[in-house]
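Enquirer: Going down the list, the protein sequences come from chains A and B.
In this text, residue positions in the first sequence follow our numbering: the first is 1, and each later residue adds one.
In this text, residue positions in the second sequence follow our numbering: the first is 1001, and each later residue adds one.
In case anyone wonders, no lab produced these hints; they're calculated from the structure.
Accuracy of the hints is not assured; some may be wrong.
As the list claims (entries may be wrong) - Taking lysine to any residue pairs in the SDA-like style, the calculated list, with each CA pair at most 20 Å apart, reads: (1) A:Lys23 x A:Asp46; (2) B:Lys1286 x B:Ala1031; (3) A:Lys31 x A:Leu111; (4) A:Lys154 x A:Glu171; (5) B:Lys1214 x A:Val11; (6) A:Lys31 x A:Lys127; (7) A:Lys23 x A:Leu111; (8) B:Lys1286 x B:Arg1134; (9) A:Lys128 x B:Lys1286; (10) B:Lys1214 x A:Lys151; (11) B:Lys1214 x A:Glu156; (12) A:Lys51 x B:Pro1400; (13) A:Lys20 x A:Asp45; (14) B:Lys1447 x A:Lys51; (15) A:Lys51 x A:Lys89; (16) A:Lys159 x A:Asp138; (17) A:Lys124 x B:Ser1046; (18) A:Lys23 x A:Lys57; (19) A:Lys89 x B:Ala1031; (20) A:Lys127 x B:Val1180; (21) B:Lys1214 x A:Lys89; (22) A:Lys128 x B:Ser1198; (23) B:Lys1214 x A:Gly49; (24) B:Lys1214 x A:Gln163; (25) A:Lys23 x A:Ile44; (26) B:Lys1214 x A:Arg52; (27) A:Lys128 x B:Lys1447; (28) B:Lys1362 x A:Asn150; (29) A:Lys172 x A:Asn150; (30) A:Lys151 x A:Glu167.
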Amino acid sequence: MAPGNHFIVGVYGDDHHALKAVKSIREAGVKIYEVFSPFPIHGIDDALGYKRSRLPKAAFMFGTLGFALALIMQYWMMGYDWQMIIGGKNFASLPPFIPVTFELTVLLSALGMVFSFFVVSDLKPYKKPRIFDLRITDNKHVIAVDLGNNKLNKTEISKIMAQSGAEEVNEKSFD
Amino acid sequence: MEVVSSVRTPLITGAKTVGDVTQDICVRVEAKPPRTWFMALAVSLSLLAVGTYTLFFTVWDGIGVWGLNKTIGWAWDITNFVWWVGIGHAGTLISAILLLFRQKWRMSINRAAEAMTIFAVICAAFFPLVHMGRLWLGFYWVLPLPNTFGSLWVNFNSPLLWDVFAITTYFTVSLVFWYVGLIPDFATIRDRAKNRISAAIYGTLSFGWTGSAKDWSRYESVSLILAGLATPLVLSVHTVVSFDFATSIIPGWHTTIFPPYFVSGAVFSGFAMVLTLMLITRKVYKLEDYITITHIEFMNIIIIVTGSIVGIAYLTELFMAWYSGVPAEQYAFLNRATGPYWWAYTIMMTCNVISPQLFWFKKIRTSLWATFILSIVVNIGMWFERFVIIVTSLHRDFLPSSWAMFYPTFYDIGDYLFTFGFFFTAFFLFAKFFPVVNMAEVKSIIKSSSSSNKALK
């Protein structure tokens, strides 16, 4: 069976049951494809062995870019490209450039990070999502196991899932 | 395993389950709105219509139709601008600063408060745009775009330009923050959609969200970093607005206390507007279990704190004017309190400093009617604060021959009504088509903070 198309889906009614089930299913030697939930479950990243997101680093780098671009822009425009005498002051000095620099740092940092989030999570309009169960966004927590990516067969995985406390165990196939 | 406090009152009452949250909030989007909603929308649309008429002639004939004169070059326009920007401070404060402080009571109110922020900032932006006269050329005057007339670049030494950057950034970041929070809730509506049109619309809006653990993990880091970025941003916006005045040499404007005083005033008026709108929304949409008396009490406490800071700032201003020994400065403040605009000063002092002190009484701060009335009183007071700062500092110019008074015209009033029409129309449409409470966040606290869970222990 090719990976990525046929899944066993366990439905849980409670986030703690789902969290415990993730641990017991992984201990039984089954690879979990993904867990879906209506709200973030605390500790699920560790249970699934996910690393921390690198998005904060992206935010920092976009922020640094905004900071540098803002200062370069202001010094170039005011101090070099078109010098203007305003109140007999220096053509370019740092203190009046701070507010715009701050704002552009925040702006690029926020927009860059959110854009990166959309790209890495593949979130975009007109996307046809793979919905494992319509109740995920309501009140059910779902553990999906890819049949094509596991050594155990369908009945064995279903049994492990049922033992882990699943309310329902379903099969789900995508084209 | 969960630790449930026996001291703290539950934030969600009515024994709600996770499924109930979805049902209660989504049904507002799916069902036909109540008759009161149509009536409210009709009123706000008619305000918008009157405002559109006056706004059209303001742009067509120029801002000479306003009551401005040679002495008072800034009056209702900038007053309204600062007032609306201030109102736009509560939303991001609630969602960013209260997130960093892990205040869970923010969760039922942050969505609507952020929407309010976004609409209020749009309303604020109307006034400087219209004030530019030929606003279609405004982009060249406020953004560093290459052009072939006048000075080539904008003046980065000007606080008015800092304001452009501050407001634009604030608006963009608030919008992004709000939208990221909406994505999981749009997915909830998409998955419940009964017809193809709403499935397609909410499907598009939800960006294909599935609620996977990986996405939630990223979502949580994005929210935290956005909150971290928005916190200094919120404080910077009104600081920069206050620089518009504080960096000038006009007595009454030229004070270093302005930044903190403007920021606390902004939070004060923002929370008042959140209360006004949320009390109505709560009643019309029957959200009493989500927005409880506890939520209202917490907001009222913030109003006492910020209102008292504003009061201290008023007194400090008076003290500093006297202590400075500068006659022009002393006269500016004496004239504010006892000159021809004494009535505006009295309204400001009463509404901002005296009446919010009533919230020290628990009975008053937990009463819905008292809160509703006082929240409107606060915003009247905050409008007069800006009017007092702007008009009374200008109307007695340095030469007595230039002394003048300001009288608003029909167009001043109409343009102000336009922003009310826009604000309420946008808010009512939001309340119908968008989930008014952040469902995903509320679901995550059902276990620790709902009355259903407390009953089990």
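Enquirer: If a hint holds in the structure, say so; if it does not, say that too.
Expert: Each hint, compared with the structure:
no.	hint	verdict
1	A:Lys23 x A:Asp46	holds (10 Å)
2	B:Lys1286 x B:Ala1031	holds (14 Å)
3	A:Lys31 x A:Leu111	violated (35 Å)
4	A:Lys154 x A:Glu171	holds (9 Å)
5	B:Lys1214 x A:Val11	holds (18 Å)
6	A:Lys31 x A:Lys127	violated (27 Å)
7	A:Lys23 x A:Leu111	violated (36 Å)
8	B:Lys1286 x B:Arg1134	violated (46 Å)
9	A:Lys128 x B:Lys1286	violated (34 Å)
10	B:Lys1214 x A:Lys151	violated (24 Å)
11	B:Lys1214 x A:Glu156	violated (26 Å)
12	A:Lys51 x B:Pro1400	violated (71 Å)
13	A:Lys20 x A:Asp45	holds (13 Å)
14	B:Lys1447 x A:Lys51	violated (26 Å)
15	A:Lys51 x A:Lys89	violated (52 Å)
16	A:Lys159 x A:Asp138	violated (26 Å)
17	A:Lys124 x B:Ser1046	violated (37 Å)
18	A:Lys23 x A:Lys57	violated (29 Å)
19	A:Lys89 x B:Ala1031	violated (62 Å)
20	A:Lys127 x B:Val1180	holds (16 Å)
21	B:Lys1214 x A:Lys89	violated (53 Å)
22	A:Lys128 x B:Ser1198	holds (15 Å)
23	B:Lys1214 x A:Gly49	holds (11 Å)
24	B:Lys1214 x A:Gln163	violated (25 Å)
25	A:Lys23 x A:Ile44	holds (9 Å)
26	B:Lys1214 x A:Arg52	holds (10 Å)
27	A:Lys128 x B:Lys1447	violated (32 Å)
28	B:Lys1362 x A:Asn150	violated (61 Å)
29	A:Lys172 x A:Asn150	holds (15 Å)
30	A:Lys151 x A:Glu167	violated (24 Å)
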